[in-house]
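2 protein chains.
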Amino acid sequence: MNENRLSSFKELKARFGDRAILETDEYADYATDASDIVVKADAIIFPESESELVEIVSFCREGRVPIIFRGAGTGYTGGAIPVPGGLVLSLERLKKLEIDPEKKLAYCGPGIITIELMREAERHSLFYPPDPASYEESTLGGNVAECAGGLHCKKYGVTKDYIIGLRAVTLHGELLETGIYSTGELFDLSSILIGSEGLLAAVTEIAVRLIDLPEFGPTILAAFANPEDAARTVSQVTREGIIPSVMEYMDGDAVLCSNAYEKSIEIDGAEAILLFETTGPGRFDEADRIEKVCRRHNTIHLKRENSRDESERLWKIRRNLSKAVKEAAGRKISEDVCVPPSRLPELVGFVSQLDNKYPVRINSYGHAGDGNLHVNFLAETMEEAEMAVINEGIRRLFDKTLELGGTLTGEHGIGLTKKEFLNLEFDEPTISHMKKIKSAFDPDNLLNPGKMFL
Amino acid sequence: MNENRLSSFKELKARFGDRAILETDEYADYATDASDIVVKADAIIFPESESELVEIVSFCREGRVPIIFRGAGTGYTGGAIPVPGGLVLSLERLKKLEIDPEKKLAYCGPGIITIELMREAERHSLFYPPDPASYEESTLGGNVAECAGGLHCKKYGVTKDYIIGLRAVTLHGELLETGIYSTGELFDLSSILIGSEGLLAAVTEIAVRLIDLPEFGPTILAAFANPEDAARTVSQVTREGIIPSVMEYMDGDAVLCSNAYEKSIEIDGAEAILLFETTGPGRFDEADRIEKVCRRHNTIHLKRENSRDESERLWKIRRNLSKAVKEAAGRKISEDVCVPPSRLPELVGFVSQLDNKYPVRINSYGHAGDGNLHVNFLAETMEEAEMAVINEGIRRLFDKTLELGGTLTGEHGIGLTKKEFLNLEFDEPTISHMKKIKSAFDPDNLLNPGKMFL
Chain A
0 MNENRLSSFK ELKARFGDRA ILETDEYADY ATDASDIVVK ADAIIFPESE SELVEIVSFC
60 REGRVPIIFR GAGTGYTGGA IPVPGGLVLS LERLKKLEID PEKKLAYCGP GIITIELMRE
120 AERHSLFYPP DPASYEESTL GGNVAECAGG LHCKKYGVTK DYIIGLRAVT LHGELLETGI
180 YSTGELFDLS SILIGSEGLL AAVTEIAVRL IDLPEFGPTI LAAFANPEDA ARTVSQVTRE
240 GIIPSVMEYM DGDAVLCSNA YEKSIEIDGA EAILLFETTG PGRFDEADRI EKVCRRHNTI
300 HLKRENSRDE SERLWKIRRN LSKAVKEAAG RKISEDVCVP PSRLPELVGF VSQLDNKYPV
360 RINSYGHAGD GNLHVNFLAE TMEEAEMAVI NEGIRRLFDK TLELGGTLTG EHGIGLTKKE
420 FLNLEFDEPT ISHMKKIKSA FDPDNLLNPG KMFL
Chain B
0 MNENRLSSFK ELKARFGDRA ILETDEYADY ATDASDIVVK ADAIIFPESE SELVEIVSFC
60 REGRVPIIFR GAGTGYTGGA IPVPGGLVLS LERLKKLEID PEKKLAYCGP GIITIELMRE
120 AERHSLFYPP DPASYEESTL GGNVAECAGG LHCKKYGVTK DYIIGLRAVT LHGELLETGI
180 YSTGELFDLS SILIGSEGLL AAVTEIAVRL IDLPEFGPTI LAAFANPEDA ARTVSQVTRE
240 GIIPSVMEYM DGDAVLCSNA YEKSIEIDGA EAILLFETTG PGRFDEADRI EKVCRRHNTI
300 HLKRENSRDE SERLWKIRRN LSKAVKEAAG RKISEDVCVP PSRLPELVGF VSQLDNKYPV
360 RINSYGHAGD GNLHVNFLAE TMEEAEMAVI NEGIRRLFDK TLELGGTLTG EHGIGLTKKE
420 FLNLEFDEPT ISHMKKIKSA FDPDNLLNPG KMFL
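Those sequence lines, one after another, are chains A and B.
Per numbering that gives the first Met the number 0, the very first residue in the first sequence carries number 0; after that it's consecutive.
Per numbering that gives the first Met the number 0, the very first residue in the second sequence carries number 0; after that it's consecutive.
Accuracy of the hints is not assured; some may be wrong.
For chains that are exact copies, the list does not tell them apart, and a pair is met inside one copy or across any two.
Calculated pairs, BS3-like style, for lysine-lysine (alpha carbon to alpha carbon, straight line, at most 25 Å) [said to hold, decoys possible]:
| hint | residue 1 | residue 2 |
| --- | --- | --- |
| 1 | 12 | 418 |
| 2 | 103 | 159 |
| 3 | 434 | 159 |
| 4 | 102 | 399 |
| 5 | 9 | 399 |
| 6 | 315 | 39 |
| 7 | 39 | 291 |
| 8 | 302 | 95 |
| 9 | 435 | 159 |
| 10 | 154 | 102 |
Since the hints were made in silico from the structure, they are not lab data.
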């Protein structure tokens, strides 16, 4: 870090005291995210109001200091990883949370944890559905930046389906007010901020719509000796017009990891597990029909829990997965692909084959209803030869995904780890217009530089 | 028109033959839209494919010829009005219409008329709800450019709620593919194209989602001696949690105009009429409850039709309104304001007062469920003194609308006629970022120049 930059950080320290961190060794969490990439932060700052944020951003623009906005750091693609010489600007202390039960709206600071909003909404018999697996840690600001999906998204939609307005601070310290924060109805700036991964502006307030809390129905766990049978069950459930509120897939090795992390449910010979939840007036009928489809597809174990408390026991195996798989490996390289649900059996079959052939442990799980699969490569040595094998595996996974009409980022964004594949997902004119919008907002490339675009 | 420009147009004529019009006198319709502003077009062109459109746009960019994209010209704010020296590029011949009944999707050219899509969807028992009053003429491309609302929008949402992907040609002749036309899930270019009023790109294909055709319930017509009673009925229906599929308001003078145009329903002493339609499983129960609310608010005439054919008779009075009011005046200056539904009685009361005081005929109608009111000033002489009175009335209407927490453009956009009021609806940073996006797409300001921004 050069002297100028250090002196800039010292100025911030003088102004913000112990909310500006220059000795970041004790803040090792802020050097990484779920991508496991580590870049030590040179400085971290914790504004506690929108006006402080405006002050910091304006200061950085004048001093040409790169800014990396950060929520909880639960993202998988390195979007929140520090940039050398840059300032990590944590939004976690912006914790406004106001619910308007009559209008079924919530006004949230970006630092609100997903589960905090869900719990507060539930007190008013309301529901905020988009629940990334990390919903006990992920912030709403991060969810907006990544347009996060989640377990309930097949039935209820993803983050962007619930955002009805944003307040955001631009690099120039200007306040943008979109959606319900503005009175206008022209082309909508909300939706370019949603999914913009910290490249355009800092979101400082999020207006979300809530829905009536649905009646939660039974949870069903079904085990299969063959992963493709599980995937075909998913396809058939969809084909029959059943929309479970949750339909999660995990393969046998993922189940092993979860049980090694915390013993929950062990089923002999289970090479795949599906977890279903149903909601709403048809929930019992739908649960019955799901069970029938599972039986027609050779389920080897079927468990149904009708109470929400009992269901929790079944959910544990899923909730622990991300941490469990991480703990099982020296390093977990996690890819997040998505195919049309009807092609899921082919994708699952491909991953099994890959696993059999490759000298690296692979497992997978995901939001089956969306055709979304998190495929994890579990590195042990992390030596060059092993990483080369993994990179070759990833490339083949991506080729297969695209061949099946799928996409390389189900819900985890581009960040650092996917940027070399951006051109597989978007054509050149679309990427060039995204870059034009980036330049319009941030001509000096100070906001999260080096992310998303090569 | 200078020589260079004329020679450009002649080149287009040589290439496109009788689909390039240089003698535009016989195309008087293309000189205007529902704003009644008239600017003779210097040239008009009718591409018949996306590739022809790319060719024309690229040609214009090289020759720096302004382009005005045009659908059916049913807009109220002058968005489709020609620009001197510019080329009017009509999208009306791009008429692709493919329905995928299984996925409940339609793929439409921008030239498809709204009713054509609705009818084709209905053949598959599907429904495309956003129905601007001009739905028998308005094109889907125009609806996207203006993010059009409509009679069914309170219950079913506006145009943007149904768009799931766009193909669009930029000024550089590049093809943008957004939403389902792309495989990516980053920040979404669809939504800056929706409502962009021809300033950013030409939409060449629109993917829309369709919903199951609902069961259409009774139509109810209720007349009131006092417009505020009608508006209070609207507020109360909303407060009781009833969401009619249609809830239309029209004042007594609007009803007079409609009957003068084509006699449909005349009710002595009716100073306001409400029209309701209900859909779905609760349709009969909701209709009963609506009738009760009308009675509690002093309705002087209540008519209910249960069959869709009989209902048509009641709808006629509403459907004819736009043309009828236009025919009643030398010139109709139509404003399109929107307030929170709970404030509609105040807005309606204000318009009645304005009407009593002003020496110009005023009437109003609109999508009451959304708090949307089209307020029409009927000019007779169109002389300076009269127009000054009208402009003063418009200014007072706008002030009142904003005082009630409303917006100046319910569904008709900004175009030419509202651009001086843009800063009443958006704060300066938001406008400046809209302009930055405009510059990013169109640095030379060739696409619909002079519209939206001052």
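Violated hints - listed by number, lowest first:
Of the numbered hints, 1, 5, 6, 7 and 8 do not hold.
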